[in-house]
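> Each chain, letter by letter, is given below.
4 protein chains.
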Amino acid sequence: MTVHSGRHFLQIPGPTNVPDRVLRAMDMPTMDHRGPEFAEIGHAVLAAMQRVFRTKQPVIIYPSSGTGAWEAAIVNTLAPGDKVLMAETGQFAVLWHGIAEKFKLDVDFLPGDWRHGADLEQIEARLSADRHHKIKAVMIVHNETSTACVTHPLEVRNILDRVKHPALLMVDTISGLGSLEYEHDAWGIDVSVAGSQKGLMLPPGLGFNAVSEKALAVARANPAMRSYWDWQEVIAINKAGTWPYTPATNLLFGLKEAVAMLEEEGLENVFTRHKRHSAATRAAVKAWGLETQCQEQGAHSPALTAVVMPEGHDADNFRKVVLENFDMSLGTGLNKIKGKVFRIGHIGHFNDLMLMGTLAGVEMGLDLAKVPHRSGGVAAAMEVLKRRDVVSMAKSKAAVA
Amino acid sequence: MTVHSGRHFLQIPGPTNVPDRVLRAMDMPTMDHRGPEFAEIGHAVLAAMQRVFRTKQPVIIYPSSGTGAWEAAIVNTLAPGDKVLMAETGQFAVLWHGIAEKFKLDVDFLPGDWRHGADLEQIEARLSADRHHKIKAVMIVHNETSTACVTHPLEVRNILDRVKHPALLMVDTISGLGSLEYEHDAWGIDVSVAGSQKGLMLPPGLGFNAVSEKALAVARANPAMRSYWDWQEVIAINKAGTWPYTPATNLLFGLKEAVAMLEEEGLENVFTRHKRHSAATRAAVKAWGLETQCQEQGAHSPALTAVVMPEGHDADNFRKVVLENFDMSLGTGLNKIKGKVFRIGHIGHFNDLMLMGTLAGVEMGLDLAKVPHRSGGVAAAMEVLKRRDVVSMAKSKAAVA
Amino acid sequence: MTVHSGRHFLQIPGPTNVPDRVLRAMDMPTMDHRGPEFAEIGHAVLAAMQRVFRTKQPVIIYPSSGTGAWEAAIVNTLAPGDKVLMAETGQFAVLWHGIAEKFKLDVDFLPGDWRHGADLEQIEARLSADRHHKIKAVMIVHNETSTACVTHPLEVRNILDRVKHPALLMVDTISGLGSLEYEHDAWGIDVSVAGSQKGLMLPPGLGFNAVSEKALAVARANPAMRSYWDWQEVIAINKAGTWPYTPATNLLFGLKEAVAMLEEEGLENVFTRHKRHSAATRAAVKAWGLETQCQEQGAHSPALTAVVMPEGHDADNFRKVVLENFDMSLGTGLNKIKGKVFRIGHIGHFNDLMLMGTLAGVEMGLDLAKVPHRSGGVAAAMEVLKRRDVVSMAKSKAAVA
Amino acid sequence: MTVHSGRHFLQIPGPTNVPDRVLRAMDMPTMDHRGPEFAEIGHAVLAAMQRVFRTKQPVIIYPSSGTGAWEAAIVNTLAPGDKVLMAETGQFAVLWHGIAEKFKLDVDFLPGDWRHGADLEQIEARLSADRHHKIKAVMIVHNETSTACVTHPLEVRNILDRVKHPALLMVDTISGLGSLEYEHDAWGIDVSVAGSQKGLMLPPGLGFNAVSEKALAVARANPAMRSYWDWQEVIAINKAGTWPYTPATNLLFGLKEAVAMLEEEGLENVFTRHKRHSAATRAAVKAWGLETQCQEQGAHSPALTAVVMPEGHDADNFRKVVLENFDMSLGTGLNKIKGKVFRIGHIGHFNDLMLMGTLAGVEMGLDLAKVPHRSGGVAAAMEVLKRRDVVSMAKSKAAVA
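Chains as they are written, first to last, in our numbering: chain S, 128 to 528; chain H, 128 to 528; chain G, 128 to 528; chain B, 128 to 528.
Do not take every clue at face value.
Identical chains share a label here; the pair holds if one copy fits it or two copies do between them.
[As the list claims (entries may be wrong)] Straight-line distance between alpha carbons at most 27 Å, and here's what the computed DSS-like set of lysine-lysine pairs gives: (1) Lys383 with Lys402; (2) Lys413 with Lys366; (3) Lys413 with Lys463; (4) Lys513 with Lys467; (5) Lys447 with Lys413.
No wet-lab data here; the hints were simulated from the structure.
Start from the sequences, fold in the hints, and give me the full structure.
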């Protein structure tokens, strides 16, 4: 058994730190999922998720991981042989691409160096060239959790509009939703994919799809086999505040509370907070003389920072030193950047002093693991956090209706 | 908001009453699903589920509802056009049949009257007639939650052996596992399907498949498209105590505690307890002059009892009277027995006095709803519960390693 | 370790069943007891307790058992040698009397048979005879938890007024508050004594005094030594929403939630509910052919029922049989009625079906312990509970501000 | 309502951060305080507290604040007019002195400057001069929480032995127990006073006395009035694992878990951890160019650090800036050092990164509040924490019986 003196620092980019209020809301007796008391909760969480996705359209909530919600996006709208356009922004794009291949889509996977967002010029080029509209969907990862690079969905929407391409725009915002701005309707997203264990501050176990009218129409006409992930039946039965199967009641109790917390803080304030923490973290990385994995100015993720290890030093050894000495979990490098990158999550239920503890753990860990670096990262982060223009109130008062 | 004075009586046949110990185990900070502390838990729950299923083979745990685990059983082992044999024991057989059809299986669905277990003679007849072994799987519901009738999987196994048929034996034991005897290996089951929210005493959100070597071999050869539900990758990565996606960490914390509780009580004692409560409930039903939906001697479910309303009286109106007057949720009649049947769950974390409260609520509710019946059901149940031969200790002492 | 299958039935008359909402409210990080966030809670619970006691005067909340609040009542208002009038209504009167003697009060302890409330005629006689007003306080137990007999404080107030006696009226309502009507101001009570673990539905650990202006004036002039229990300093510092020492923060979190629950249900409804359950329990006792300990018509406690065992049968043996067979705790007989009486608590967070489980456990236990009785108690209780005029809604809708 | 984004930093020197495991242990149904299941817990916590106090003698556990345990020490062993020797080490010595005066003791209160431990020379001088042994007790504060200065009880014991004085040695270790070494028996302490909300990692609500045989004998002969605090009856009834009143059951559930955690970590490791954090904090204070309130080398508290504000700057204004900007509670200066000192708690359930977050909050707060200081405190603390000789494992493996 692991003995923790004080709280573990869970600074992977998900699952994130779950607020006590959310854990306590889940720690309640389960209930009749077909009774009137549950129906109130069902309606409440469906409406809450519409507000978080910024959509008037249905949101489908699955008892699943985020990978399930990826699959749901595919099997509802696409059939084997359908052509789609994806961009290799990093490991999560690779994984979604893998699912697409399992369902026998014909994927045009735009290569990337894992240090930038999606290559918008290439996307525009491919879509422009697709005169016959063979491409049925463009599938983009909003906040690429393996590289900490953001691709802005609105820019992809603008391309589609510009070249007048009817492809569906499908966006994985698993680690984006609740951490950075997201506008399902205003940005013209057709299918959004999200999960519970990131900016939504819940334990893992729920996957989400937000859908457009157009996506729903495509789905209705789609002959591909599906059952669990099928949107239609869920949407129909959701009208009664319930689900066609036994939903994950206690995670839904938590979801209700989590969205309440986000709204008490104010989503805009939540996004600002994430940006401050990202800026402070990058200031630390720069002071250490290290590089961020993301090399695209303006595309740095507010939710996490991926840091490149100096040549000849293993990121996972460093992470082990940090875990053993400071009881902090950092994110590993994934796939082709394994051992080369570690990731600092600053997403979800988080604040300035948690970040400072986090960065101090990284700085001390670099030293203990004998990774070449300059000191001063922690000090640089403090400079950012205490700047008047970026100091947001750590606490705010909120009225509850 | 609903105000509860005292505890709600959740007497639907699932989700069942979750023990405080389990809720509290879930009410813990989530953790790095790729770290060493989680790996210990991962290994522990996988081993625990093998003990509960009574198998040495892998158990696959999904973040899903039970319907997901149904789908998983199908998509791993069967391909469109495959012929399978199912038996219409009730609504859950109907629903599983519906999924089979969505995946374009060729289902031979043996009709049933919803008042008996599966028709074993018909199963034997069909299998015997299937000289060319076109039937790839026999799919049976162990504890049919809509009718409270049990089909014993071992009898189906015996038929398969007797007629030397190689079809896979797939068993839905969603509401059976943890409530009544189940032997995945000893009974020669190829795929078992279960869920968290019944005898396992957890909130909903986890689905399970236990598999045989034969089923695994079939799956490896199966060309059907699948990703989320695919067994191979999960089993491979489970060897490290983790999952190919972010697992539902906190439900897994609860699962560990729930199996610990079942094992402290002793699974045999758990099964005996369910049988006592079932016997007491049927004694009450008989005393009221009502009929159980299940009409097959020896097939009455230990986990729940379905009761037929007298002609002209609506079961859902009765359930509403009980809910409003006594804050107790009873199970509704499903599909073609809607309004005609109500169901009393006596499954999971339950004891004699909770049962007596339940039956008193039913008896008083029958009166308030003006349903014709004799009084004396509660008294009859007490006669059963206090009989020396069936009195098990309500409490027992257990040593914890 | 004790293994519980299902919930333990905690039917002692305190500690009572704590609602999940209250336990969860306590299960929160403690906080700076001198900070602004705590001050809001401090003000809220002080105001809440005024509403529960029905007083505009200060309520003092101690981290203590109820015995501490007894002592507080004494040491604030009385000095060694002071004469007081008490009535031996049962064991709790005896215990309070014992504390009074330890503080060297001159106690006139009116004898009683432990089967009635206080002897009001004797009280009136003593007060009338006390021309020189030597008696400084009349100290009464409102709901005598050892006998289940109530003494109505208003009747004592009326006597004091009738004979124009200036003695303080001090009332122990430890097991009364939150279970039966109580009006600190309207009934002219000078010092009320209460505890957290009864009708207030909290775990044990808080004691309460409500005080009148007159009691405060007496206290200011009282030379008796005291520190922890001294009202003055607490009241002064309470004005800032905090306490002169570190208060029991988490029990106060629970108190806030518990009063919220009582007020959502409505205190009047709470009292009605307790009376129904008391009536149903007495109907059961009568049907069993047993006697209640309380023999005074109109004085039966709504909060608990004390039952006399037939001659030659040991109540504690019976309680042991019930505990071992049905995992239910019943209250023991105290002091001179030990072994002769057992007590059924129906106080706090409780409802009809919990009561029916409780009474079924008693009825089956009587049988298993071979205690002579008639069957039919459970049936008789159901007759009471299902009577239209006494059926209150088990659930109600409440608006939350 | 206060909205917290991320966890509040509760860095007052008590109440301290309560571990989730402890909160969850308290979040369990209360139980019959006279039943066998509770008796096991009662025996367990009494034995656990003997291990923590390092005594074979009884430990008395009160539902009370620490001030109650102070009073208990006095009223059990001393009577009005008794002479005692106390030392004004800071505000908590002043408060205990105040209680002693309320109970009319004749206190010789050795003056102090609040920047050192007790004046041992003066103590020796007074005891030597007391030829007739009028002094009945020497009363010392072990870890003076207002100044962060420690007085070592063993040195006082050595004085008593050296001058062969029979006075009782009474020690307040409210904020010492569980944070720094304490040996009730080996150090010859007669009465130890402690509370739950400091090193014991519980919410407030429990007070403790550990007693020597000699103290018990004195108490038996002591005529002073007392009831709630009386040791004898509690000790007698504790033999059955219960208490003479309803004990604070749920806080006791938490106490059992808290001591289990301390023992899993190992008390020696716990003490070492506190010393590391104290050393790191003092390094930060020195680097900031500020002074610690405690000026006695070797007497710095491992549990907290009190920091003197530069002349002309208000400590409470600084604390307010920190609370509002960084959601961290720091301890206020008490009594005569109000506004001049702030206190940093590093006591209880705590670790390196929580400390770094804390110190970063102080450093940034000094800047925002425009308090003159040098930067570099955070960096200096990291130097201490990462030194190989002081790096203890943040995590350790422990076997549980």
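> How do Lys413 and Lys463 come out at 27 Å by Cα distance, when the copy is not named: within, between, both, or neither?
within (23 Å within a copy, 46 Å between copies)
> Can you give me the call for Lys383 and Lys402, within, between, both or neither, at a CA distance of at most 27 Å?
within (25 Å within a copy, 37 Å between copies)
> Which holds for Lys413 with Lys366 at a C-alpha limit of 27 Å: within a copy, between copies, both or neither?
Neither way: Lys413 and Lys366 sit 51 Å apart in one copy and 39 Å across, limit 27 Å.
> Under a CA distance limit of 27 Å, which applies to Lys513 and Lys467: within one copy, between copies, both, or neither?
Only across copies: Lys513 and Lys467 sit 24 Å apart there, 31 Å inside one copy, limit 27 Å.
> Is it within a copy, between copies, both, or neither that the alpha carbon of Lys447 lies no farther than 27 Å from that of Lys413?
Result: close within a single copy only, 23 Å intra versus 32 Å inter.
When the structure is compared with the earlier hints, a violation turns up for hint 2 alone.
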